[in-house]
Amino acid sequence: MKFSPPLIKARLKKRYKRFLADVQHPKLGEFTAHCPNTGSMKNCWQAGDEVWLLDSENPKRKYRYTWVLRQSSDGDMLCINTHLANRIVIEGIENQIIHELQGYDQILQEVKYGDENSRIDLLLSCDNKRDCYVEIKTVTLLETKLGTGLEKELENDLAQGAGFFPDAVSTRAQKHLRELMMMVEQGHRAVLLFLVQHTGITSVSPAQHIDPQYAELLRLASHSGVEIMAYNTHISPADIKLQQALPVIL
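Positions 462 to 711 (the working numbering) are the ones given, in order, by the sequence shown.
It should be emphasised that the hints constitute simulated quantities derived from the structure, not laboratory data. Treat the hints with care, as some may be off.
[As the list claims (entries may be wrong)] Derived DMTMM-like pairs: lysine to aspartate or glutamate, alpha-carbon spacing no greater than 20 angstroms straight-line:
#  : residue 1 : residue 2
1  : 475       : 537
2  : 702       : 561
3  : 463       : 555
4  : 470       : 535
5  : 463       : 537
6  : 598       : 688
7  : 463       : 700
8  : 503       : 535
9  : 463       : 518
10 : 636       : 577
11 : 598       : 552
12 : 598       : 561
13 : 521       : 491
14 : 523       : 491
15 : 702       : 537
16 : 470       : 518
[Stated by the list, open to error] Cβ pair distances, simulated, as ranges:
#  : residue 1 : residue 2 : range
17 : 462       : 563       : 15 to 23 angstroms
18 : 646       : 620       : 32 to 40 angstroms
19 : 677       : 571       : 25 to 33 angstroms
20 : 519       : 621       : 41 to 49 angstroms
21 : 474       : 697       : 17 to 25 angstroms
22 : 552       : 573       : 21 to 29 angstroms
Virtual Cβ for every residue (Gly too), placed ideally from N, Cα, C.
Model the full structure from these sequences, guided by the hints.
See the structure below:
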């Protein structure tokens, strides 16, 4: 997935009110950009970071620029725009990177399904295969410390590159797991795909220290037949593309 028009580089001053980020550009000066990530973005930004923005080229838009990428102090690249996830995964399927999701004739997006008023990210279908429901979750949380108290006892067990989902308690993500389990019960195929959008992450685990209920549901979903997989991405200011499978540690 190539960025068009090319991204512009700026310096982050702060992210606030979930949707806003103040940045400094050498020619454009200081201005507010749209932040397309409504999550906590834990460990995903610091004042002074180098960031890359997409120009909507619409001068009438209130926030003309959208924050897309960030480079950490360790040199890792992150994509913070979760709206790109479907497109990246579809390209990965079409380019035969995701071997587990080959052989389908049709890919539909944002299809209503389930008993809890949900929309599935991707619905794959083919005449001679079971329908495949694919829920995509973007992973950007890289943990090196889990905090204080009981969690601190686990710090020595953290592998280098340990990525976690979610980065905040998410009843919505819990709902999606229940919906996927229901699809399996109905005879369909159900997949939870963790899309790793942080180049420093080398494995994915449920964030037991943040949302223990989600972690429990994820393990239950796995035992119930939901297929759980993770793929990382190559990220640069020029493009993003799916790269390879990563281990999921439940």
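Now the hints, each set against the structure:
{"no.": "1", "hint": "475 / 537", "result": "holds (19 angstroms)"}
{"no.": "2", "hint": "702 / 561", "result": "holds (17 angstroms)"}
{"no.": "3", "hint": "463 / 555", "result": "holds (15 angstroms)"}
{"no.": "4", "hint": "470 / 535", "result": "holds (18 angstroms)"}
{"no.": "5", "hint": "463 / 537", "result": "holds (19 angstroms)"}
{"no.": "6", "hint": "598 / 688", "result": "holds (13 angstroms)"}
{"no.": "7", "hint": "463 / 700", "result": "holds (4 angstroms)"}
{"no.": "8", "hint": "503 / 535", "result": "holds (16 angstroms)"}
{"no.": "9", "hint": "463 / 518", "result": "holds (17 angstroms)"}
{"no.": "10", "hint": "636 / 577", "result": "holds (7 angstroms)"}
{"no.": "11", "hint": "598 / 552", "result": "holds (16 angstroms)"}
{"no.": "12", "hint": "598 / 561", "result": "holds (17 angstroms)"}
{"no.": "13", "hint": "521 / 491", "result": "holds (18 angstroms)"}
{"no.": "14", "hint": "523 / 491", "result": "holds (15 angstroms)"}
{"no.": "15", "hint": "702 / 537", "result": "holds (15 angstroms)"}
{"no.": "16", "hint": "470 / 518", "result": "holds (16 angstroms)"}
{"no.": "17", "hint": "462 / 563: 15 to 23 angstroms", "result": "holds (19 angstroms)"}
{"no.": "18", "hint": "646 / 620: 32 to 40 angstroms", "result": "holds (34 angstroms)"}
{"no.": "19", "hint": "677 / 571: 25 to 33 angstroms", "result": "holds (28 angstroms)"}
{"no.": "20", "hint": "519 / 621: 41 to 49 angstroms", "result": "holds (42 angstroms)"}
{"no.": "21", "hint": "474 / 697: 17 to 25 angstroms", "result": "holds (23 angstroms)"}
{"no.": "22", "hint": "552 / 573: 21 to 29 angstroms", "result": "holds (24 angstroms)"}
Of the numbered hints listed earlier, not one is contradicted by the structure.
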